[in-house]
Amino acid sequence: MRANTLLVGAAVSALGILVAMPLGFVLLQAVFPELAQGSLARPLAHLAGVLADPKLVELTINTLKLGACVVLAAAAIGIPLGTLRGLFDLPGAKLWDVLMLVPFMIPPYISALGWIMLLQPRGYLQQLLGIHAGPALFSFGGVVFVMTLNVVPVVYFAVSRTMAASGSRLALVGRVCGGGAWRCFWRITLPLALPGIAASLLLVFAMAIEEYGTPAALAANAGFFVLVTGIERRFSEWPIDLPGASVLSLILVALAMLAFVWQRRMLTGKGYETTTGKPARGETLPLGAWRWPAAALFAAIVAVATFAPLFAIAATAFSRTLSGGLAIGNLSLTHFQAIAAGGSEASGALATSLMLGAGAAIVTGLTGVLVAYCVVKTRTRGRAVLDALAVLPNTMPGVVVGVGLILAWNQAFWPATPYNTWGILLLAYCCLLLPYPVRYAHAALMQIGDNLEAAARVHGAGTVTALARILLPLLAPSLVAAMLLVFAVASRELVASLLLAPTGVQTVSLFIWRQFEQGSVGQGMAMSLVTVALTTTVMLLATLWLERRQARGV
Amino acid sequence: MKIKPLIGALAFGAMLAAGQAQALTVYTAGPAGLIKQLADDFKKQTGVSVDVFQADTGKVMARLEAEASNPKADVVISASWDSALDLHKRGWLLAYASPNAAKVPAEYKGPSYVAQGLSALAIAWNTKSGTPRPTDWADLAKPEFKGLVNMPDPAQSGTALELLSGLQSARGADAWRLFADLKRNDMAIAGANAQAMNPVLQGAKAAVFGAVDYVALGNQAKGESIEVIFPASGTVIAGRPMMILKSSRQQQDAKRFIDFVLSDAGQARVAATYLIPARQDVQAKRPVIKDIKSLPVENEAQRAGRQALLERFTTLFGRK
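Those protein sequences? They're chains A and B, same order as listed. Following this note's numbering, the numbering of the first sequence begins with 1 at its first residue and continues without gaps. Following this note's numbering, the numbering of the second sequence begins with 1001 at its first residue and continues without gaps.
FYI, nobody ran anything at the bench for these hints, they're computed from the structure. Everything numeric in this text was worked out from a predicted model, so none of it was measured. We put the CB at the ideal spot given by N, CA and C, even for glycine. Among the hints, a few may not be true.
Stated by the list, open to error - According to the in silico footprint, chain B covers these stretches of chain A (three or more CB under 8 Å from chain B): (1) 122 to 136; (2) 312 to 326; (3) 516 to 529.
Turn these sequences into a full structure, and let the hints steer you where they fit.
Take a look at the structure:
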């Protein structure tokens, strides 16, 4: 019991520091317009003005529309692919996993830029095939298309892992009892995978309503604006409107809360325990004649989601000039040479980003398990609050988290503060990315039977031993997947970094952004390519190492 | 137990912060290479190291605003003249007239701010676009340019707002007729400066209305098929203000830094990035003030109307 109290206490403090502090200060800023000047004068004076803005309703509806469409599209692609991968003996399964990971390694603003350069008039597609898709790209549909391709991996990995974990075993029981293959899938396998699917779709919704770069680059010209673009505008338009931006952020957070509540309601009161301690390594089912059509489907998705933006990025990185287009004479390594010549700066940025990414993965991984355990396996009061707090940051645009962290940590009363050190970037990444490990661990824990822990207790193990020896190993696959995602996203995060970067610290995303600002698209793309290659390699090595450990039964 | 590493990281971070107390802190928007060279040169000359925070003007100002109760910056370099005027009005800035500012034209300095360099707003035209070479703003409203023009969003680009405001102050209703014509010609409003430029480089668009000239000149020097055209009827030459925060604890070093940027060596660095040096007696790598027909400099009343102006413009182009 005491150990449980300790765990809950640790979870509460971690969430308090990582999430409640910045969010709390944003809330304060929304209430007290002069908070940043250190004054609590005129509370709510600005609220009427912000809320009376007729654009507000439109921005909110647009945001919901975008979130819903991206969720539907990502589900339509991610669930079938994840199911195929999780349940069946798919040719080249590991290869598809790696390739599906790549879209996640490409920062969303880079992939949006890549798609623009590929599809706009006189873009690469027109240079190759004589056709372009300008009008379709710069539209609502274009934004949904590009965003969906960026987030499909979240659904794919969650679905394939939970399907594999719940296994085909129970469905086989259904078959033995006379159910048809489809019936067993609809009635047994799919419902059992629901926590994983719902968790990943909630993440996708949150990511879609929070993302800034893609709607700003693609939809603004179609007259389609969302809350995030409105928030960004209040932060960059002179005079800066911190209180107004804070109010809009809270609306965004409220939208995500609604989705969260809905997701919880959908899942509560049902049992999802499939990991019971009985031998479970279910065999994957043979696909038979469907082997090659399934592989072709994967190839088609990967070609669009992974190779199309990569091609645009690489083409730009290897071109001497952008106006020179795709031509042999325009091929050049100058951009890579420039990066190499800037040696220390570029490699320093890479090292900083990789370390911050790894740090964020470790901190959020530990915190994520802790929070998910307290929420799923203890009977603590206020579990739902902990759970909600852990998913909130995913809806907060990077720029809001950035301002929240400045307001929270740049106060004169702190004896020591991480502000203006790399520590503030770590805090920002941990805050923004905590939802991944929490969601993934949460879904996995729901599938682990309580009797496993009880059995350990009966044999004399304390809470900590049971957690470390029984639950953690069972959680490991989902947790590692989530931590790798954290690593990937943290090592390329841009918006919060732009605001919070301590003086003198350079990250990869800042390096790339500065190249773009200077008009050096080619150099920015070259650096992006190097980074994508490097982070993919790091993640591959980590995955291989873990698989080997597991294979040895360690 | 699980948050130990975090506390460790925080403590370590705080130690790092304490070790940097002596350096001068500069917040800057603008060419990345430039501030790095200026910082290195300044350290060589004075022994004072310079910590740089670099972002776009919006992020620099948002950070200043969020830090207001406990400011960190000593020197701020912005790309928007308005931000200097506003900070001055709020009483945040230290009055300082650098001896090296004597050769900076009067309209590009004030009691507590002075231009680091200047840039003109121009037409950046893709020479391979198959469109006739434009010579004035109005050319971009012609049928040949239908759907082929980008303009940086004045809400996101301080320099684009300067152009908008300068055109309206100089031409009044004529300026709005021009904007309406451009709107009818499907001119696109495209984010900040870089986002407006890239489609022109690749050829999706033919020209930028109101490109920041030094970036375009840099692109041209790298071999892009781009030409920078200063419109015949006149354009805005925008200053990039440097200022010292009153809250600075290193005011002497901050003044030395301003002096240094305005010195021969500092201005040569500015010139190397294709900006117009603030000091008129320093050699530039490009057309300077006297070569460009400029619109009259705006007075305070004209500047004061910018919020309403921006509102009207964003409504015209359907921005939210």
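To see whether the hints hold, each was checked on the structure:
Interface restraint, the segment 122 to 136 of chain A with chain B: holds (3 residues with C-beta to C-beta distance below 8 Å; minimum three). Only residues whose beta carbon comes within less than 8 Å of a beta carbon in chain B count, and the segment 312 to 326 of chain A has 6; three or more means the coverage holds. Beta-carbon proximity to chain B at under 8 Å applies to 6 residues in the segment 516 to 529 of chain A; the threshold of 3 is reached and the given coverage holds.
Every hint from the earlier list agrees with this structure, and none is contradicted.
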